[in-house]
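Chemist: Respectively, the protein sequence lines represent chains A and B.
Each residue of the first sequence is one higher than the last, beginning at 1 in my numbering.
Each residue of the second sequence is one higher than the last, beginning at 1 in my numbering.
In case anyone wonders, no lab produced these hints; they're calculated from the structure.
Just so you know, even glycine gets a beta-carbon here, dropped at the ideal spot from N, CA and C.
Don't take each hint at face value.
For each label pair, taking beta carbons as the anchor points, the in silico distance ranges come out as [said to hold, decoys possible]: (1) A:TRP441 to B:ALA15: 51 to 61 Å; (2) B:ASN7 to A:SER31: 35 to 45 Å; (3) A:LEU379 to B:LEU62: 50 to 60 Å.
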Amino acid sequence: MSGQDFISLLPLTVLAATVVLIMLAVSVYRSHILVLLITLAGLTAAAAMLPLAAGSGPRRVTSLLVVDGYALFYTGVILAATFVVAVFSFVYLRKQQGQQEELYLLLLLAALGAAVMAASSHFASLFLGLELLSSSLFILIAYPRGRLNIEAGVKYLILASVSTSVLLFGMAFIYDQTGTMQFSRMAALADANAGVLFTTGLGLLAVGLGFKLALVPFHMWTADVYQGAPAPVTAFVATVSKVGVFALALRFFSQVGIRPQAHLFLMFALIAIASMLAGNLLALTQDNVKRILAYSSIAHLGYLLVAFLASGPLAITAVTFYLSAYTATTLGAFGVVGMTPCRGREADAVEDYRGLFWRRPWLAAIFAAMLFSLAGIPLTAGFIGKFYLLDAGVGSSLWLLVFSLVAGSGISLYYYLRLVVVMYMRPRGASSGEATASCPWAGSLMLTALLAVIFWLGVYPAPLIDMIQKTAALK
Amino acid sequence: MASIPANYGLLLAAALFVLGFAGVLARRNIIFMLLSIEIMVNASGLAFVVGGSRWRQPDGQLMFIFILAMAAVEVSLGLALVLQLYHHLKSLDIDKASRMKG
């Protein structure tokens, strides 16, 4: 490795160093606020290294990692999302008993895993990044150690381990057929001997990734984990882990190519349609806000698959923009859920939100804006994102997928608007101690910033799209 | 020395994998589910070793070392969570851990 390689890896190194620093700091002196500040400083420093790493151009660092604009852009999204989640966690945990400092350590480790995945170009780094991400998540989900948290943690552990072994088995098949674990060399070898085993391997790999992305029919864990995990961690699972896995899936399949593999293409198309329709239909029946958002995230990943299948440069722009918009929106939505405590628990029943607008107008307005953005209403980031997805889908004449996207969005309006309507209803007397939000300034500031991002992307998306087209193009 | 055909190795790995998967589906005791997952993970490891020996590369065995480390991590985290769950449920039956439905 040359000096230039070390510069390319600086964002990852800084992140890892922050983890070590926090571990040492916690062993010397426990202070919640100090650990938060170190975390935020570490994330900012890592983000500051991104331009430096970009300066040395796209580089292959050993055979494991590729540090190109694509990887760095996704790393930026991951770092920003982790920053927001860290602040939310502080607001969420500050009143609780027990030791909170290790949560930040695990958050940073998980973010490191996601960033490694975004940059990986080899099965070994894929596997290491994925494991770093998911092992941290097992503990993060169960962190407050309540009964529901533990239940969700165990469920996630079992299903994630199963999906990891499916993924590994797929990788082993591909390796056995091609004799290489590097994505870029696989494509050339695949054309020569795309036998049954190779296709099976790709299929298993897709199933494993489908589990991680919570696509139908591999979505069983999603709602339970989203409900059982503390709200900031749910936000993390819904955004950072999906961004990391999707970035990897996009890189892998655009290098190996799905189009020539007719069976695989069909499988992905069916998964996309099932995710869009089932995710939205199941969300209709829920009366827990976190579960509604869980099923809606399944649907959103289905929408993303439309552009993923369209492939081509426009598709990569569409996917990247949509993922950024989705990340900001989902963080905002779960941020509101985490900051609306209700008699010592999280306010996650729809009924807890009745009349929120009359008690906390600003919080309710932010939540409404996030829900509009998830629904894809104009002026919000979600609308522009969906527009690009449709554009990519239509450009490749994937009519059935485009139709499902439109139908799914139509269904989704019902449950998003239902939540909005509930918030603006008059509260039923002073009967219950419904959600009386405590929202300290740090949390409010973050939510307001997310709101600004949503509207900025919805009204004037050109700068971000320019940036994506300049940096994130995959060759 | 006659070598074993590579496909036999893959067949063995696939059989182990299916056994492990069936175990995860059929067992309701969390410890046994973790054991079944170990079998699945190690089946994948075996497939990597088979691949490595077919191409005469160290990569397959390298992946196996990574997989071993990962399996150790998963088991230690898994057992820690199982202890906590037992603390709440007084049982190791995964079906009892079903407060969340929908």
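Chemist: If a hint holds in the structure, say so; if it does not, say that too.
Modeler: So, going through the hints one by one against the coordinates:
1. The hinted range of 51 to 61 Å is satisfied by TRP441 of chain A and ALA15 of chain B, whose Cβ atoms lie roughly 60 Å apart.
2. Between ASN7 of chain B and SER31 of chain A the Cβ separation comes to about 59 Å, which falls outside the hinted range of 35 to 45 Å.
3. Judged by the Cβ atoms, the range 50 to 60 Å given for LEU379 of chain A and LEU62 of chain B holds: they are separated by roughly 52 Å.
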